[in-house]
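K.L.:
Top line first, the protein sequences correspond to chains Y and L. Residue numbering for the first sequence follows our numbering, starting at 1 and increasing by one per position. Residue numbering for the second sequence follows our numbering, starting at 1 and increasing by one per position.
One should not assume that every hint holds.
[Stated by the list, open to error] Below, a list of computed lysine to any residue pairs in the SDA-like style, where the Cα atoms sit at most 20 Å apart:
{"hint": "1", "chain 1": "Y", "residue 1": "252", "chain 2": "L", "residue 2": "331"}
{"hint": "2", "chain 1": "L", "residue 1": "107", "chain 2": "Y", "residue 2": "141"}
{"hint": "3", "chain 1": "L", "residue 1": "215", "chain 2": "L", "residue 2": "63"}
{"hint": "4", "chain 1": "L", "residue 1": "194", "chain 2": "L", "residue 2": "66"}
{"hint": "5", "chain 1": "Y", "residue 1": "155", "chain 2": "L", "residue 2": "166"}
{"hint": "6", "chain 1": "L", "residue 1": "339", "chain 2": "Y", "residue 2": "14"}
{"hint": "7", "chain 1": "L", "residue 1": "155", "chain 2": "Y", "residue 2": "50"}
{"hint": "8", "chain 1": "L", "residue 1": "322", "chain 2": "L", "residue 2": "74"}
{"hint": "9", "chain 1": "L", "residue 1": "339", "chain 2": "Y", "residue 2": "169"}
{"hint": "10", "chain 1": "Y", "residue 1": "155", "chain 2": "L", "residue 2": "194"}
{"hint": "11", "chain 1": "L", "residue 1": "339", "chain 2": "Y", "residue 2": "17"}
{"hint": "12", "chain 1": "Y", "residue 1": "264", "chain 2": "Y", "residue 2": "169"}
{"hint": "13", "chain 1": "L", "residue 1": "194", "chain 2": "L", "residue 2": "68"}
{"hint": "14", "chain 1": "L", "residue 1": "252", "chain 2": "L", "residue 2": "165"}
{"hint": "15", "chain 1": "L", "residue 1": "331", "chain 2": "L", "residue 2": "252"}
It is worth saying that the hints were derived from the structure and are not from the lab.
2 protein chains.
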Amino acid sequence: MTKDNERELTPISALGEFGLIDRLTSGIRLVNTSTIKGIGDDAAVLDYNDKLTLVSTDLLIENIHFDLVYTPLKHLGYKAAVVNISDIAAMNGTPKQMTVSLAISSKFSLEAIEELYAGIRLACDKYHIDLIGGDTSASASGLVISITILGEINKDQVVYRNTAAQGDIIYVTGDLGAAYMGLLLLEREKHVYKSNPEMQPDLEGRDYLLERQLKPEPRLAQINLLRKNGIKPTAMIDISDGLASEIIHICKQSGVGAQIYEDKIPLDAMTVSVAEEFSILPAVAALSGGEDYELLFTIHQNDYEKIKNLKDFTPIGHITDKHSGINLVGKNGEMVPIKAQGWDAFKEND
Amino acid sequence: MTKDNERELTPISALGEFGLIDRLTSGIRLVNTSTIKGIGDDAAVLDYNDKLTLVSTDLLIENIHFDLVYTPLKHLGYKAAVVNISDIAAMNGTPKQMTVSLAISSKFSLEAIEELYAGIRLACDKYHIDLIGGDTSASASGLVISITILGEINKDQVVYRNTAAQGDIIYVTGDLGAAYMGLLLLEREKHVYKSNPEMQPDLEGRDYLLERQLKPEPRLAQINLLRKNGIKPTAMIDISDGLASEIIHICKQSGVGAQIYEDKIPLDAMTVSVAEEFSILPAVAALSGGEDYELLFTIHQNDYEKIKNLKDFTPIGHITDKHSGINLVGKNGEMVPIKAQGWDAFKEND
C-alpha cells in the first residue's frame, strides 16, 4: 500500500488483470438495443440490422498526447472517449459501443486507474454509449489508452470526406483555436511551477480555454440539428489537427480547392486575448492549433436557406475547382496558400 | 539514415504520421462485401445486414507480451493479428475487418515497421480480412500494438462462454503446451546468447514448438468443419492463458463444474520430450502455459456421433454440476482441483 495524502492506495499487481477488469467494469449497464453482448466473452456481439456500422480507433500515449502534470486523470479519460466519439459525429453517425484498452505502468494505483475509467464512463453515460470490452496490460513505462468506437448510421445519411463539390459552402461548428490556447496556458504554468513550486497558477478567468483543452465535447447535438433541418453535409471531418490540416484532407480527397476567409473564422474573445498575450495570430491558433473537436463540413448552396438561422454554424468560405488551390483570404484581401502545420506525433518537440 | 548491414534505413520522423500511414497502407484492397469504406475517413463503414457483428480487441506491449530479442517483427505482426482472429473463432464467427494502432519508439526504422505490418497483412490476406483503419503514434519507449477485430455470425450460430451445461462433453482442438515449450526454448537461448554471443542456437528439430510460439494459427478451419457437420458447440473459448484458466472461465460463467482427464489432454511428442528436458510435467505446460490459441469447447452428448470421427478434436472431459468443482483426474485416478495459474501481465516476472 502507498499513501496519497489520507487515502490508502492499492497497487494494480494486488488485483491482477481479471481483478482489475472486474473492478473497472462493475456496474456497467448496456443501454443500446444493438448491443447483444458486452464485456465478458471473446468478443462483444452487436446487431446492426438495416444500418451501417461505423468504426474508428485512437491511441493516446503518455508524454506524447497528454501530460499528467496538468491533466487530471478523470479529464483524460473523458477526453480519450470524446476524441473517438467525435470521429463518429464526423461521419454524421451516432456512437453506440466502445472498447477501451489500457497499458498501465506500476506508478499508477488502482485508484488512479479508476479515476481515468470514471472519466471514460462519464462520457459513455452522457452520450449513451455501451462499453463492451477491451484489454488491460502492464506497461514498461507510461500510460497507453487505445479506444475503438462503433457507431451506426442510416445508409443514405453517411457523410464522407471525399464528396465536397465546387460551389459548396464551407462551415464550422463552434469556435476554433481555444483548445490550443488552453494548452499554451497549461504549458506555461507547468514551466512556472517547475522553476518555483510555491507560485500559484495564474489561470483565473481562463476557464473556457482550459475546458476546451481538458474536457472537449463531441458535436453530436449539432449533427442532430442539421438532420432535423433536413441538411446532409456534402463532406465532413472533425477538427483534431487544426483547420488547415482538415480542409486539406477534404480538398485532396474530393479533388477540389477551397477559399477560406480569415475574418470569418469563429474565435472566442478569450482565444483572441490570450493569443495576443502569447504573440500568436488568433487565425494561426485556429488553423494549426488543433484539438478543438469542432466539425468542418460543406453543404450544397441550396441548403443555405435551411442553415442560415441555425445557431453555432459559421460559414467560413467555399469550395473551388482543384486548380485554384487551397487558400486563405486575409483581412486585406490577400490570398495565402494554406499549408498543413498540424500536430505530428513523430516530430521532436521542443 | 542509419544502416542495417547493407540497407539504408529510414527514420520514421522523415515521413511523419500521414506519410507513414500512406506507406503502410498502400495497396490494401478490400475483399469483403460488408466493408463499404476502409482506411481514409474519420471512421470505417461496414454493412452487416442480417448478421451479428463481433468485436474484440487486444493490446500487445514490448517486453510484456513479446521480446524482440528472439521475435522477428514479421512474426510478431502475424501473431498480433492471429491473437485477435482467434477471439472471433472462439465466438464461432468469421473475421471480416481489422483496425491496427501502433505506437513506435524512435529506435524503429520505417523498414522495421514495414516488416511488422507485412506480418499483419499476411494474416489478413490469408484469412480474408479487410484492414480498415487504425492510428499511429510515437512512443516514449517500446512498441505498442493495439488491434481491434470485427467479425460476423448468423444470429443462431453465435457461441458464448456461459452456456455450457451439465453432461456436455469438453473438447479441445489440436494439441496443447507446445507454444509454452517454444517460449522456454527461446528464453533459454536468449540467456545462453547473452552469456556467450559466439554460441550457436540449439534449436534444431524443435521447429514445431518454435512455430507454435512465434507463428500460431487461428482455428477457423476447425470452426468450419464443426459447422459443416451440423455441430454447434454449447460453449467455447480460445486458449490464450492456458487450459486451466479457460475451463475456469467457462465453468464460472456457466455456473457448472468440470472433470478433465490428464491422460486425455492432447500433447505433441516434442512437447513431452522438451518438457522432460525442462523438468516440467507436460500437463502443467498444457494447463498453465497458454498461447496455444486452440479452441476449448463443449458439445451436447447428442452430437458425439457427429464429431467422433472428425480429425483434430479431442474429448478431454465433461461438464459436471457446480458443486463438484473443477477438477483434473490424474493418471492414477486421483482428483486435483484445477487452479488458474495463467499468465498475469501485472505480476513481476523473474
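K.L.:
In ascending order, which of the hints set out earlier in this document are inconsistent with the structure?
P.N.:
1, 5, 8, 9, 10 and 15
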